[in-house]
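Undergrad: So the chains spell out like this:
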Amino acid sequence: MPSTPADDNVWRGNALPLLNEIRHALERLLATGETTVIDLGALPMGAQDEAELLDALGTGEVDATVDAGGPSSVRETAFHGVWRVTHRNEAGETQARFIEIAFVPELLMSQREDVTDSSNALSKRLGVEQNIRK
Amino acid sequence: MSALELLTWARGTGLSLALVIFVFGILLRLFEIFSLGRKADLSRARDTSPGSGWRTIVRRSLPPPGLFKRSPVTYIGGYVFHIGFAITLLFFVPHIELVRGLTGLSWPGLPMQVVDIAAVAAILALFVVLASRLTNPVKRFLSGAQDYFAWLLTLLPLLTGYLAFHHVIVDYTLMLALHILSVELLLVALPFTKLFHTVSVFVSRWYNGDIFGRKGVAS
Amino acid sequence: MAIDGPTIAEVLRQQGISRRGFLKFCATTASLMALPPSMVPAIAAALENARRPSVIWLSFQECTGCTESLTRSHSPSIEALILEQISLDYHHTLQAASGTAAEAARKAAMQENAGKYLLVVDGSIPLGNAGFSTIAGISNLDMLKETAAGAAAVIAVGTCAAYGGIPAAQPNPTGAVPVSAIIKDKPVLNVPGCPPIPVVITGVLAHFLTFGSLPELDALGRPKTFYGETIHDRCYRRPFYDQGKFAETFDDEGARKGWCLFKLGCKGPVTYNACATTKWNQGVSFPIQSGHGCIGCSEPGFWDAGPFYKALSMPIGPAKAAVGAAVVAGLAAGSAVALRNRSAKKSAQAAHQKVTVADLEKSK
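Residue numbers (my numbering), protein chains in the order written: chain A, 901 to 1034; chain B, 642 to 860; chain C, 28 to 391.
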């Protein structure tokens, strides 16, 4: 009988150092504007540790879904500037989970290459339409 | 041979060999000592002092009046080493597991941090008493190669254990193997060196106390 | 499949994946390769130019558990991995072709991509009778040598290929050896585990795919990013070890509270692997989280490294019997010494001569 509910009902304290790391990252963001990304997949955490962490972070104002190669969710926590970013593939399977400390997570920003493509595409389409009107 | 294979040998064949020599050596030495016997003391006892031997066992563990002040390094160093070593040996959970594996006996261990402090204290004490042995002319005069060898044999298990626990210098697997091997070296040498005092200390103290009691200087 | 095809970035772009999607792909790849998120820009730059490599996968004395593990890797999924990122040109469990056609595919891939393809091997190689394991009438040894000759690098997947594994466990009836015992002139990377964590397999492939080279290896040929630390050091139950809180049995209060499994034989302290952080089944859990100690499956010779359920500090040899024998021998030898001492004393007493005052006077 591997994992009983009681199994994970223990305070192990593994979330605490991570919360401190986030605090430092916030200070860094304010001082220099440098963003920090923490890979949750690279940290030793039990289910309870993670629940504790997410509990401590809470949920904030922004909740966004990015549909690029599968749905990714970007959720601001109760602490402004601290974001939970979860990448999923087309099958909806979680691929990677990050905590991002930034004013805006990279994933939400439109990328220069994409904007260039869009600008070209729009010009082309308008060009075609304007030609038709002529 | 990989580190894990070395560890497996140390836990298996190596440990068995070391224990055989250790147990054999201790029994041999005990028989040797006890079978020597003493000549019957034909003189009349100066004093009837029942329990002098037992009291000496305790008394000799405490510094005689005045001596503590005259050679504090010897006493403090000795106490710190022996107590630290005993805590490390007897209350580190993996050590208790070893005893349980061999005998089925077990007792509660201490938190790792406590054992860690005890081990560090014991290691430092060993270096302090070595320095004292080297600098004090009397101690240096009394010391032979075997004394330094015994010192090294005692240090190695503590040092390798500490390094293994803290993952310093080499990886844990190899250091753990070296730790166990150093203990095996200690086990093998113990019956045949002055380290045999681990077994004989209280016997000889009792004997001294008892004979001194007969001579009129009971504890 | 030719190596000079479009780059990975181009493939993704052709599939209509935006730059944003590409960056997401890079972020998950970084996570997959156990690289810090700060490496994402470097990965993006590398993938701009990376081309899909040809991969030949050979299976020797193995149980297919490693392939089972790989096909359950989720990020990137095996489908994506095969179809989009690598060109798996030969894998006799997964390929459609069989017999002569399969062997022809291997030869073709070897010729087209000579010196550039990646060779993946699972299973150990028997050096005893070649008939212990053959494929298409070719002995494992010959096939490995022939295929490795033109490979850029060899990846030994699973403990059997990396260190011999269960076929090489005592008494090793087939004379099984790992890949590294045979291939000396190529870089051999070991991805041990029984089986290895799926994302570690794909992570290593992704590293080769991204940077065109093998990651940094430890002394046992394992990538340091995944095998750099022990299970114990990365275990979420480590605080209990430090506090001295241990499960004594698999169903006591300590076990229910999730305390440390050291006393139940956990090999976490001597096992280098990524289970404690990467975990299994899409990051759901790993053995220790499910209440069972680590058995050390990514270490060389783990089958012969003592019982799985004995604490690491416990003796594993015939210690008790040996001590029993030593007691008997010690008693016997001790008695002999005692007898000799007695007789020496007796003869000394017998030889004792008394000296009187008169004798002393005489000798003056």
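Honestly, I wouldn't trust all of these hints.
[Unchecked claim] Pairs of lysine to aspartate or glutamate, EDC-like flavour, derived with a Cα cap of 16 Å:
id, chain 1, residue 1, chain 2, residue 2
1, C, Lys143, C, Asp245
2, C, Lys211, C, Glu256
3, C, Lys306, C, Glu256
4, C, Lys272, C, Glu256
5, C, Lys172, C, Asp212
6, C, Lys251, B, Asp812
7, B, Lys856, B, Asp788
8, C, Lys306, A, Asp1017
9, C, Lys213, C, Glu275
10, C, Lys306, A, Asp963
11, B, Lys856, B, Glu673
12, C, Lys306, A, Asp1014
13, C, Lys372, B, Asp788
14, C, Lys211, C, Glu275
15, C, Lys337, C, Glu256
Derived by calculation from the structure, the hints in this document are not laboratory data.
Undergrad: Take the hints in turn and mark each one as holding or not.
TA: Consistency of the hints with the structure:
no. : hint                   : in the structure
1   : Lys143(C) x Asp245(C)  : violated, 24 Å
2   : Lys211(C) x Glu256(C)  : violated, 27 Å
3   : Lys306(C) x Glu256(C)  : holds, 14 Å
4   : Lys272(C) x Glu256(C)  : violated, 22 Å
5   : Lys172(C) x Asp212(C)  : holds, 11 Å
6   : Lys251(C) x Asp812(B)  : holds, 13 Å
7   : Lys856(B) x Asp788(B)  : violated, 32 Å
8   : Lys306(C) x Asp1017(A) : violated, 39 Å
9   : Lys213(C) x Glu275(C)  : violated, 47 Å
10  : Lys306(C) x Asp963(A)  : violated, 28 Å
11  : Lys856(B) x Glu673(B)  : violated, 26 Å
12  : Lys306(C) x Asp1014(A) : violated, 35 Å
13  : Lys372(C) x Asp788(B)  : violated, 31 Å
14  : Lys211(C) x Glu275(C)  : violated, 46 Å
15  : Lys337(C) x Glu256(C)  : violated, 22 Å
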